[in-house]
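> Residues per chain, in single letters:
There are 2 protein chains.
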Amino acid sequence: MDAVPLPKGFSAAGIKCGVKPGTDKQDLAVFVSDRDCAAAGVFTTNLVCGAPVKVSRDRLPRSTARAVVINAGNANACTGEQGITDAKAMAAVMATALNCAADDVLVASTGVIGRFLPMDKLTASIPQAIAAATPHGLMDAATAIMTTDTVQKLATRTWEWNGQPVRITGVCKGAAMIAPNMATMLCTIMTDAQITAEQARKGIALAVRDSFNCISVDGHESTSDSVFLLANGASGQSPQNDADWALFQGALDGVAQDLSMQIIKDAEGASHFVQIDVTGCRTRDEAFKIAKAVADSPLVKTAICGADPNWGRVVSAAGYAGVPLKEENISLEMNGFPLYEAGRPLPFDAAVVSKNLRDNRDVLIELKLTLGEQSVRYWTSDLTKAYVELNADYTT
Amino acid sequence: MDAVPLPKGFSAAGIKCGVKPGTDKQDLAVFVSDRDCAAAGVFTTNLVCGAPVKVSRDRLPRSTARAVVINAGNANACTGEQGITDAKAMAAVMATALNCAADDVLVASTGVIGRFLPMDKLTASIPQAIAAATPHGLMDAATAIMTTDTVQKLATRTWEWNGQPVRITGVCKGAAMIAPNMATMLCTIMTDAQITAEQARKGIALAVRDSFNCISVDGHESTSDSVFLLANGASGQSPQNDADWALFQGALDGVAQDLSMQIIKDAEGASHFVQIDVTGCRTRDEAFKIAKAVADSPLVKTAICGADPNWGRVVSAAGYAGVPLKEENISLEMNGFPLYEAGRPLPFDAAVVSKNLRDNRDVLIELKLTLGEQSVRYWTSDLTKAYVELNADYTT
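Going down the list, the protein sequences come from chains A and B.
Residues in the first sequence are numbered consecutively from 1, following the numbering used here.
Residues in the second sequence are numbered consecutively from 1, following the numbering used here.
If you're looking for bench data, these hints aren't it; they were derived computationally from the structure.
Possibly wrong hints are sitting among the right ones.
Which copy? The list can't say, so a pair holds if one copy fits it or any two copies do.
[Said to hold, decoys possible] List time: in silico DMTMM-like cross-link candidates among lysine to aspartate or glutamate, alpha-carbon distance up to 20 Å:
| id | residue 1 | residue 2 |
| --- | --- | --- |
| 1 | 326 | 58 |
| 2 | 326 | 81 |
| 3 | 355 | 198 |
| 4 | 355 | 366 |
| 5 | 54 | 328 |
| 6 | 355 | 389 |
| 7 | 265 | 253 |
| 8 | 368 | 36 |
| 9 | 202 | 253 |
| 10 | 289 | 373 |
| 11 | 54 | 140 |
| 12 | 54 | 258 |
| 13 | 355 | 81 |
| 14 | 16 | 120 |
| 15 | 326 | 210 |
None of the values given here were measured: they were computed from a predicted structure.
Could you build the full structure based on these sequences and the hints that come with them?
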């Protein structure tokens with residue numbers, strides 16, 4: 001039994017294809033369903049987006065999806081017309097081997113921007129990957145989509161409909177170029193639930209809002225981010241009522257949030273995992289803006305790296321978030337220590353709080369406003385010297 | 001003769017007052033005019049702003065300003081009602097010593113957020129600073145406003161009106177928490193030109209737009225940023241026509257841009273000075289958004305730190321700037337090397353470009369769009385391990 005099993009009717013594989021030069025790492029993953037899937041996707045909103053994003057976006061939502069093919073090591077982004085041709089060719093090779101329509105295959109690429117794909121290698125390897133796909137191949141596939149990730153990222157949930165078990169399982173990659181509205185992360189979520197393409201579209205949009213769209217590592221929105229949901233119905237069970245649907249959405253949200261947190265916990269060079277809870281806003285959007293401004297501030301992120309309870313940086317980031325507010329509306333706690341209340345600094349023992357931040361990898365920032373009832377939860381990482389080192393010499 | 005002289009009728013001093021604990025550094029600066037000044041200011045737009053910002057903003061523009069008092073080491077921000085009382089008291093002590101109205105003194109503070117000012121030390125030291133002020137005290141004053149700055153920042157221009165010399169001289173500080181709409185920078189610009197308060201207001205607004213509002217170190221907009229312009233008329237000369245006004249605005253712009261570039265060249269931990277020229281946009285605002293997105297990206301900044309010509313990060317930042325565009329609208333050069341043209345990657349020798357970036361402290365990024373005729377010039381720094389080290393342990 002795999003630690004994280006695939007749902008019924010799905011198989012997966014990860015093999016070495018040679019897109020990543022000078023390494024023995026796996027770099028080609030396939031996810032295959034033995035029957036048609038209802039499928040939907042969410043993609044980067046970056047106007048400069050990868051060719052696979054354009055190709056897959058055009059194909060979704062649909063009721064007859066069969067597979068996803070993903071390479072790591074090359075994002076096939078900023079590659080013009082040739083890039084589109086190559087992305088379509090990747091899917092076409094898959095479709096030929098699976099004996100399905102080309103449009104029923106979805107495609108994604110992650111890695112360096114601005115280089116053409118080595119199509120000879122991909123064309124030769126894709127049929128091998130399909131041949132290698134098994135119901136137990138998820139971990140290999142999760143490995144093959146990694147770039148600077150240091151761990152595989154997997155999540156699963158089960159529930160019962162009509163007394164029968166139904167499963168949803170997701171896999172993703174991502175460790176930098178992570179910003180809301182998706183970043184250089186790729187995610188495939190598979191379920192054997194029987195739902196429609198329109199239900200898949202609604203479900204994944206909602207799940208992404210409170211997961212992949214509430215994380216950032218560096219605020220740089222990538223060109224390639226894609227989340228796919230494939231539902232093949234192999235459980236034979238479909239939702240009969242609102243309660244059934246709530247079970248499904250809850251499982252989907254859970255998988256998406258698990259995977260989002262795994263991305264932030266594996267953030268490049270990070271030494272802290274930071275949860276920012278902003279409460280008491282007039283709207284969710286206001287809470288989101290404040291959380292994002294705090295999460296994106298290099299000064300907040302370096303302070304956390306240094307275990308420095310420099311709360312002024314948090315409060316001042318809230319001040320430029322574009323949300324109408326006064327200092328008196330703001331109170332702040334870090335890891336349970338009250339530091340700022342209704343616009344006034346509170347006395348605290350800096351050495352004690354600093355030690356707490358140093359001893360704990362997890363940091364909780366609670367920004368409590370007095371403007372309304374809406375809130376948001378946001379995850380980010382700190383900014384370390386290791387992040388700079390990892391990103392200062394990536395292509396050369 | 002000072003390298004950077006004050007205009008006629010101005011004196012300045014910088015002394016040690018003890019706001020910065022445990023150091024012998026100067027931390028109190030005064031700028032005094034021997035007669036009334038037309039004065040205007042531009043301040044941070046952060047809604048969480050320092051008490052001195054609130055106090056000085058209320059007093060400007062005015063026709064009877066006499067002096068500016070600035071302390072370093074403590075920003076007097078997020079300090080509630082007590083902070084306002086303290087900022088007003090700083091000005092009042094100055095005013096008493098100068099025998100002028102309290103409202104004719106402007107005040108600024110820079111340093112750590114969220115601590116109360118040591119008013120006993122300031123009250124005792126301000127009269128000493130006024131007594132120490134001389135026409136040759138500018139360098140001491142420039143030293144006393146420094147926080148993490150490593151060099152003093154000064155600039156001056158002269159021109160002739162009616163055959164008579166007129167001078168404008170500015171001094172500023174700033175090395176981090178630098179973002180457009182002002183950051184933790186403070187600037188005092190003095191001129192012996194004779195202009196009105198309304199002319200001062202218009203002139204400084206225009207000068208700041210293309211200088212201090214076009215720089216960023218880390219995108220964190222501070223609570224304390226203030227630019228003051230004081231015009232005391234001691235040259236006896238005033239602008240008689242548009243050509244005269246153009247001479248003045250040109251000198252003011254020159255001083256403001258000189259000082260802005262000095263801030264970026266002294267950016268915390270920086271190893272490169274980066275100029276971003278965005279051209280061919282429909283509006284200046286569009287060009288500004290693109291330049292800011294590129295400048296704020298940690299991935300662009302770390303790539304430059306590592307002399308990595310990773311142009312995909314630049315192009316992808318343009319893609320999420322919020323400006324409607326297509327990849328085909330974009331071409332990119334770095335230090336004169338064409339890397340990307342009309343949506344397609346160009347072949348280039350990565351080793352040659354990387355060596356060029358490693359050998360030059362100055363980096364020029366040219367993003368050429370085909371949307372219109374508007375452009376913007378923006379300055380930023382790279383992101384280095386030294387920046388992280390400097391900011392990971394600031395307050396504790």
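> Does each hint hold? Answer for all of them.
Evaluated hints:
In this assembly of identical chains, residue 326 and residue 58 lie within 20 Å of each other by CA distance solely across copies; the values are 17 Å between and 45 Å within a copy. Only between protomers do residue 326 and residue 81 lie at most 20 Å apart by alpha-carbon distance; the minimum there is 13 Å, versus 50 Å within a single protomer. Taking identical chains as interchangeable, the C-alpha atoms of residue 355 and residue 198 are never at most 20 Å apart, the minima being 50 Å within one chain and 52 Å between chains. In this assembly of identical chains, residue 355 and residue 366 lie within 20 Å of each other by CA distance solely inside one copy; the values are 18 Å within and 46 Å between copies.
Within a single copy, residue 54 and residue 328 get their C-alpha atoms only as close as 46 Å, which misses the 20 Å cut-off; across copies the closest is 15 Å, which meets it. In this assembly of identical chains, residue 355 and residue 389 lie within 20 Å of each other by CA distance solely across copies; the values are 18 Å between and 26 Å within a copy. For the identical chains of this complex, residue 265 and residue 253 are intra-copy neighbours only, at 18 Å inside a copy versus 46 Å across copies, given an alpha-carbon limit of 20 Å. Within a single copy, residue 368 and residue 36 get their C-alpha atoms no closer than 47 Å, and across copies no closer than 45 Å, so neither meets the 20 Å cut-off.
In this assembly of identical chains, residue 202 and residue 253 lie within 20 Å of each other by CA distance solely inside one copy; the values are 12 Å within and 53 Å between copies. Proximity of residue 289 to residue 373 under the C-alpha cut-off of 20 Å is restricted to the intra-copy arrangement: shortest distance 15 Å within a copy versus 32 Å between copies. When the C-alpha separation of residue 54 and residue 140 is checked against a cutoff of 20 Å, the pair qualifies neither within a copy, at 26 Å, nor between copies, at 59 Å. Taking the closest pair of Cα atoms, residue 54 and residue 258 never come within 20 Å of each other, the shortest separation being 27 Å inside a single copy and 44 Å across copies.
Proximity of residue 355 to residue 81 under the C-alpha cut-off of 20 Å is found in neither arrangement, the shortest distances being 54 Å within a copy and 31 Å between copies. Only within a single protomer do residue 16 and residue 120 lie at most 20 Å apart by alpha-carbon distance; the minimum there is 14 Å, versus 70 Å between protomers. With identical chains, the CA atoms of residue 326 and residue 210 are never at most 20 Å apart, being 27 Å at best within one copy and 29 Å at best between copies.
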